[in-house]
Amino acid sequence: MSYIQAVNVAKEFGTGDARVSAVSGIDLSIAQAEFISIMGESGAGKSTFLSMLGGLLQPTSGQILIGDVDIYRLKSDKRADFRREFMGFIFQSFQLVPYLNVLENVQLPLAVTHHTEKQKRELAVSALERVGLQDKALRLPNQLSGGEQERVAIARAVVNEPPILFADEPTGNLDSRNSTEVMNLLKRLNSEGQTIIMVTHSRTNAGFAHRTVEVSDGQLSPASQVESRFIVARQAAGAGA
Amino acid sequence: MKLHNIAVNNLRRRKAKMVFLISGLMIGIAAIVALITTIQILSEDIAHKMDEFGANIVITPKSEGLSLNYGGINLGGVSFDLQEISESDLDKIETIKNAANVRIISPKVFGIFEHQGQKALALGVDFPAELTLKRWWKITGEKPSGLGQILVGHEAAERFQLKPGSQVRIQDQEFQVSGVLENTGSQDDQLFFMPLRVAQRLFGKEGKIAMAEVAALCHNCPISDIVTQISEKIPAAKVTALQQVVASRMDALHNLEKFSLMVAALILLVGSMVVFVTMMGSVNERTREIGIFSAIGFRKSHIMKIILLEALIVSIASGVLGYLVGIGATRVAMPFFTEHVSHFSLDPLVAAGAVLLAIVIGLTASFYPATTASKMDPSEALRTL
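From first to last, the protein sequence lines are chains A and B.
In terms of our numbering, the first sequence is residues 1 to 241.
In terms of our numbering, the second sequence is residues 1 to 385.
Just so you know, the hints here were simulated from the structure itself, not pulled from any lab data.
The beta carbon of each residue, even a glycine, is placed where N, CA and C say it ideally should be.
Check before you lean on any hint, since a few could be wrong.
What the hints assert, rightly or not - Derived list of chain A stretches under chain B, where covered just means 3 residues or more per stretch with a C-beta under 8 angstroms from a C-beta of chain B: (1) 53-65; (2) 69-80; (3) 86-99; (4) 104-113.
Build the full structure now, drawing on both the sequences and the hints.
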C-alpha cells in the first residue's frame with residue numbers, strides 16, 4: 001500500500017533554449033514506515049526530486065500524493081501547514097538558526113502551532129532526550145560539535161512527531177563515527193514508525209535503508225531499486241530469532 | 001517559543017546590525033525632533049518678539065464723533081475728549097478666553113496744554129507697557145523713573161528747545177525731561193509722554209482712558225477671535241485689528257514652518273532609505289534561514305510577521321532614542337539661537353509623534369523586504385545547502 005506516491009513527476013528549470021530538465025517522469029511509491037534512500041551522482045536530480053516529494057518545489061508536471069492528498073493542489077499556506085504537520089526536514093550542513101539556542105531551535109516548528117509554551121517546551125525536551133542532547137539545551141549551535149548539531153537538526157525535525165522525515169545528505173559534514181551515530185538514530189526513528197526518505201552519496205548510509213533507488217540524469221535507473229543489506233540483515237536476524 | 005521570540009533573539013544576537021539600524025533611524029528621528037522643536041521654539045520666540053514689536057489691536061471709544069489719528073486715530077482738535085473708555089473696562093480683557101495670548105495692554109489718555117504760548121499734546125502712558133511695546137524707541141537721556149519725569153518726542157523737543165534735564169510746566173505742574181526720543185518718523189515725535197496717572201489727574205480724566213494699544217501673541221490663535229472676545233467684554237469700545245501687521249507676521253511664521261516641513265520630509269526620505277536598504281540586506285543575508293522557516297511549515301504571513309516585528313522593535317527604540325537625542329540636541333543648541341528658552345519643556349505630543357513616525361517609517365520601509373522574504377521559495381534554501 002503506497003503512502004507516498006510520485007506519479008510521472010518532472011521538473012524543468014528555465015525557459016526556451018535555456019530550458020533544463022532536472023527530473024523527468026519519475027514514478028515512485030513509498031510505503032508507510034519505509035526507510036528509503038535516494039542515491040545518485042551530483043547533479044543527477046536527487047535533491048530536486050526530494051524537494052518535490054517534500055512539498056518544497058512545484059513539479060512542472062506529475063503529481064505527488066501523500067495519503068490521498070495531492071500536495072501541489074493545496075494552496076501555498078495550506079501546503080505550509082501540511083509540511084508542518086506531516087513532514088520533518090533534516091538538511092545538509094544542519095541549518096540551525098545561529099541566534100537561537102538548542103532548545104529554541106528544536107522548538108522552531110512549534111512556534112506557529114497552538115501548543116502552550118509548557119507543551120512546546122516539554123515536546124522540545126523530549127525530542128532532545130531522543131537524540132541525547134537534553135543537557136545542552138541552552139547552548140548556541142556554534143558551541144556544539146558537528147555531530148551534535150546534526151542531532152539537534154534531527155530533534156527539530158521530529159519535535160512535532162511528523163510521520164515523514166526527509167533527510168538531504170544528513171551526514172555530509174560528519175566524520176565516520178558521528179555519521180554512524182546519526183544513521184543509527186534515523187534507523188531508530190524509523191523503527192518507531194517514521195517514514196524516512198534520505199538522499200545520500202554514501203553506500204554505507206544507504207545500507208541503513210530498506211530500499212535504495214538511484215537517480216541518474218533526472219530519471220530512476222530501472223534496475224536500481226535494491227533491498228539494502230540492512231533489511232536483508234534484519235530479515236536474517238528475524239529468521240534466526 | 002513564539003514568533004516574537006525569533007525576532008527578539010535575532011536582534012539581541014545581531015547587536016551590531018541592530019545598533020546600525022537603530023542609529024540610522026534614530027538620527028533621522030532625532031533630526032526631525034530637533035528641527036521641529038527648534039522651529040517651534042524659534043517660531044514662538046519670533047512670534048513673541050514680533051507681537052511685542054508694536055500693537056496689533058487698537059481699542060478706541062465707540063463714538064462717531066471722535067476721529068483720532070494716533071496709531072490710526074485722528075485726534076482732530078478737541079473732539080478727543082468727548083468720549084473715553086473706563087480704565088476698569090480694560091481689566092475685563094484678562095477674562096477673555098484667549099487672555100493668555102494678550103501680552104501687553106498699553107492704555108493712553110490725551111491732554112492739550114500750553115507751553116511757551118504754544119499748544120502741545122501730552123500723552124499719558126503706562127511707561128513700562130509703552131516702552132515694552134515700542135522697543136524701537138531710542139532715548140537720549142534716561143527713561144522716566146518717577147511721577148515728575150516726562151519723555152519728549154524729537155520734534156517737540158526741537159520746537160521747545162528741550163533736552164534731558166530741562167523743566168516743562170504742564171497744567172501748572174513742573175516736570176523734568178528725563179529723556180528725548182530720537183526721531184521715529186511717527187506722531188510720537190510731537191508728543192510729551194507723561195505717567196498715565198498724572199495725566200489723568202491733570203486733565204481731569206481719572207479712571208478714563210482715550211484708547212489702548214494691545215499686543216496679542218497671535219502665533220497660534222486667530223487675532224479676529226481675540227478682537228471679538230474683547231468687543232464682547234467691552235461693548236462701549238471699538239476694537240480693531242491691524243490686519244496688515246497680523247498678516248505679515250503670520251506669513252513670516254508660515255514660511256518658516258513650510259521650510260521646516262521641507263527639511264523634515266527630506267530627512268524622512270533619507271531615514272526610510274536607510275531602513276529599507278538595511279532590512280533588504282538583512283533579508284538577503286537570511287535567505288537560508290527564511291527558507292528553513294518556510295520548509296518547516298511557516299506560512300508567508302508568519303515570515304512577514306517576524307521581519308515586521310523586528311522592524312517594529314527597532315522603530316520603537318529608534319523613536320524613543322531619537323526623541324531624547326533630538327530634545328537633548330535642541331536643549332544644547334537653543335541658547336545659541338535665542339535667549340528665551342525658559343518655556344522649553346518635554347512635549348508628550350512630539351514624543352508620541354516621534355515614536356509613531358519611527359514606526360510608520362520602519363514598517364513602511366520594511367514592508368517590501370518582508371514581502372520579498374515571505375515569497376522566498378523554500379526550495380531555494382535547499383538548493384543553497
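Status of the hints after comparison with the structure:
no.	hint	in the structure
1	53-65	holds (count 3)
2	69-80	holds (count 3)
3	86-99	holds (count 10)
4	104-113	holds (count 7)
No hint from the list above goes unmet by this structure.
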